[in-house]
Amino acid sequence: MKARTCWEAVCTVDDLVADSGIAVWTDDGPVAVFYLPHRLPALFAISHTDPFSGSNVLARGITGDINGEPVVASPLYKQHFNLRSGQCLEDESVQVKVYPVLLDGNRIRLEVQVAQAASVAA
Amino acid sequence: MSKQTLIVIGNGMVGHHFLEQFSQSPAAETYRVIVFGEEKQLAYDRVHLSEYFTGSTHADLAMGTADWYADQGIDLRLNEPVTAIDRNSRVLTTPKGEYTYDQLVLATGSYPFVPPIKGNDQDGCFVYRTLDDLDAIQASAQSAKTGVVVGGGLLGLEAANALKSLGLQAHVVEFAPRLMPVQLDDQGGALLRQKIEDLGVQVHTEKATTAIVPGSDARLRMNFADDSHLETDLIVFSAGIRPQDTLARACGLEVGERGGIVVNNQCTTSDPNIHAIGECALWNNRIFGLVAPGYTMARTLSAALNKDTGAAFTGADMSTKLKLLGVDVGSIGDAHGQTPGARNIRFHDEQAGHYRRMVVSQDGKTLLGAILVGDNGPYDTLLQYALNGIELPANPEALILPESEGGAPALGADALPDTASICSCHNVTKGDISGAIDAGCTDLGGVKAETRASTGCGGCAALLKKVVDSELEKRGVEVCTDLCEHFPYTRQELFHLVKVNGIRTFRGLLKQYGKGQGCDICKPTVGSILATCWNEHILATDHVPLQDTNDTFMANMQKNGTYSIVPRIPGGEITPEKLIVLGEVAREYDLYTKITGGQRVDLFGATLSELPEIWEKLIAAGFETGHAYGKSLRTVKSCVGSTWCRYGVQDSVGMAITLENRYKGLRAPHKVKMAVSGCTRECAEAQSKDFGVIATEKGWNLYVCGNGGMRPRHADLFATDLSDEELIRTIDRVVMFYVRTADRLQRTSVWMENLEGGLEYLKQVVLEDSLGIGEELEQHMADLVDTYQCEWRTAVEDSEKRKRFREFVNAPEQKDPVQRWTSERGQRRPELEAVSS
Ligand SMILES: Cc1cc2nc3c(=O)[nH]c(=O)nc-3n(C[C@H](O)[C@H](O)[C@H](O)COP(=O)(O)OP(=O)(O)OC[C@H]3O[C@@H](n4cnc5c(N)ncnc54)[C@H](O)[C@@H]3O)c2cc1C
Ligand code: SF4
Ligand code: FES
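From first to last, the protein sequence lines stand for chains A and B.
Quick note on the numbering used here: the first sequence kicks off at 1 and runs consecutively.
Quick note on the numbering used here: the second sequence kicks off at 1 and runs consecutively.
A hint or two may mislead.
Listed below are several chain B residues computed to face chain A (Cβ distance under 10 Å; list not exhaustive) [stated by the list, open to error]: (1) G518; (2) P545; (3) Q547; (4) M557; (5) N560; (6) E807; (7) Q814; (8) D816; (9) V818.
Honestly, the hints are just simulated from the structure, not real lab data.
Even glycine gets a Cβ: it sits at the ideal position worked out from N, Cα and C.
Between the sequences and the hints, there should be enough to build the whole structure, so can you do that?
As structure tokens, then:
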């Protein structure tokens, strides 16, 4: 059975910071949303959780591009993650979750799976 | 097998170098080693003896430490001269006892020759060889106005400079018709004389002193053979050295006609169990009065004692390059053209004060010798031609002509053979350097650490850099200095571009000089450059995305995503009231609290959204940000100083607070630490900092470019007895020069080591203003001081900026679920959890 998804509104354009990231809380846990105004598309969303430390910090990394691909560098141990695929550039076996993102008027929406929402540990 | 005994007589430069070599060698296992030193101090750097007058201490000049000797198991007996050697029973005598040896090494150096002039032993007459000599000269100089050096050679001129630096009117009296008769010719000597007289030292040549008698205006009067005389308060004899061969003579070893212990190519004397190295040894009827040949002898002997049959001392180059009283003087090989058929090429620019002479072979193909006065620019190139017998170009004069008159550029490192000696102090050849690079060294600092090249007199620094660069390039390790794929420039070049073109944003710079979108390397680098150039708030919209998370949120991120907070506590001085506020805030937010090494308090475990609240409270109590998150000034550590400490000679806390308030907030290529000690006991450990200040009776001594951490480095003495204003001006200049020219993430130590010319060059730029940028640097620093703002104050007062501190922008109440806590020793700490990956 296909997991159920929905387009959850997470924030507005005013919350975004150009060339940088912010963190939002979704039904699927913490997600980092990046706004790179000099690219098309300009919005990217990946898991906020740094797979190497287990901490929720990726939105606070420095963004940029490497060989033309948009990336963020983890603020803790500095690995780079491709914002389009979630692939870690330093370790082939590591990937973070990527979320489809769209601009709906003034709102930013992410496509998240609803079914897993309750599994966040207390 | 019981160990044999090896005894070394003399703990000077060469004796010490021998022990360094020998104790690392396999043979060290089989010997018990005893060293006797006549001087009471451990071996020190005699070459830099004069620096003792400008603030260096014995500890600064020392070549090793007592601990090192102990670690090697060497029995070091200082202040215990050997008085006799009995070769039959192999027993030595000292005032304290008798000792048996199996192998004996004489490293007794030499003693200053004092001409047999009547009255040469009265009060006020000195020699210039040991620390004790210098102590005596200094004591006598306190009540003196004038001083005379007898002898116009290398050491005499150095001694004259020392007298001048002690505040005396200095004279040089030379028997020969010119200065430095051994190294220079008449023209060179005359030019040197003129330059030295311009500096206020009076030179008297062709003067033979006949007697020294009590003076009428001064303490002493020197009478000369031509019936003239000179009155002076003190006299320093520097009329040459004589090998210290007294012991050897007395026990019947073969000595030279004019002194010196005769040795063969293995540095062994006429007794197979006795060896001699350094200035006391006579090889091939020659004495070597320089340290490098002594070191070579030491290495040869160490190898020979390890049964290396190939080890041989085969003579040494006596070329010298120095700065005497600030005047460049160089002398290479057969400077006087004594080789049959030798021809001379001379260039003399009276206007600029440059004299250059080349001595070339009859066929004009090889360089035999050279003399330089006024500018040692061509020295390295000429020396390499002479040492390696490289064939001269068809127009050899081009080597000494200024480039504007058809002079040739310096010899490329490529043209040197592998055997070319690059560093004579540590016997490093070009081949050794390429070997080190093949073994994995990738930069100048690495090669220096590996080969020790350029860590002796430092004279080879420029040449070494050239060779390293060219060798790296040859290996296709393109010496790529690009910052990253977005900017084909170094940090220094970018700094220049930003400053000169008035660029104020990252985008602006990227558009004009870069490509792509930037990355986590170039963004913080440019952010730091922009901050230094324009000092705008780091949370200004354009700058936010440039910063590391620590800079963005002005706190240090810890491994669970929370932050630590370090308020500034200038000089480590804090009132009880403020201390209580720190405690209360920490209690309220349950922050783990720890005292830092930099005399402040670190509060751990604040979440992103708590940061502005906490800072509101701290600011209300008068705290400012401590910049612990930035590549900028951290703390100025201090001891309690003259206010409380019975030894203190200056107010170290006051100075530390002044410095901390002046340099706080300055953005630099890396973090910068400082410290101020109230006296030479150095309780603030200033010599392990980027900038260390130590109080003296007369002011402050400044040390620069030290650091602790992974690769600790003692700071170098930079300037002495500075007034408060001079100290601040000097630090201003060094700091700004560092900020402008260092590479990304380069600490001051590495920066300085990589400057072509190193410490000396830095001194010229800062103390002598050789680049003419001193005022500009000071002005830039003054501007930064004027525009300082506490970033946290600005941030908490601005609601837009505060928005950045929301942990989850859409869920203010949501706690970060991975931040879990436990407690330990009465405080909260993160729960350690195995991270799944
Ligand atoms: C002011 C000055 C500037 C110099 N500048 C330079 C320079 O720029 N470049 C350069 O290459 N060289 C320079 N030199 C020369 C250099 O210092 C010497 O070449 C070097 O020190 C020689 O080392 P050594 O070990 O042979 O002798 P020393 O360093 O003199 O050591 C010999 C030691 O043996 C001790 N000793 C002697 N007899 C006994 C005994 N019976 N028992 C126990 N101990 C004994 C002495 O007390 C002394 O400590 C300079 C020297 C001076 C004084
Ligand atoms: S460095 Fe000197 S003044 Fe400062 S505490 Fe130590 S002894 Fe006292
Ligand atoms: S020649 Fe003295 S350090 Fe290299």
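Tested hints:
no.: 1; hint: G518; verdict: holds, 5 Å
no.: 2; hint: P545; verdict: holds, 4 Å
no.: 3; hint: Q547; verdict: holds, 8 Å
no.: 4; hint: M557; verdict: holds, 6 Å
no.: 5; hint: N560; verdict: holds, 5 Å
no.: 6; hint: E807; verdict: holds, 7 Å
no.: 7; hint: Q814; verdict: holds, 5 Å
no.: 8; hint: D816; verdict: holds, 5 Å
no.: 9; hint: V818; verdict: holds, 6 Å
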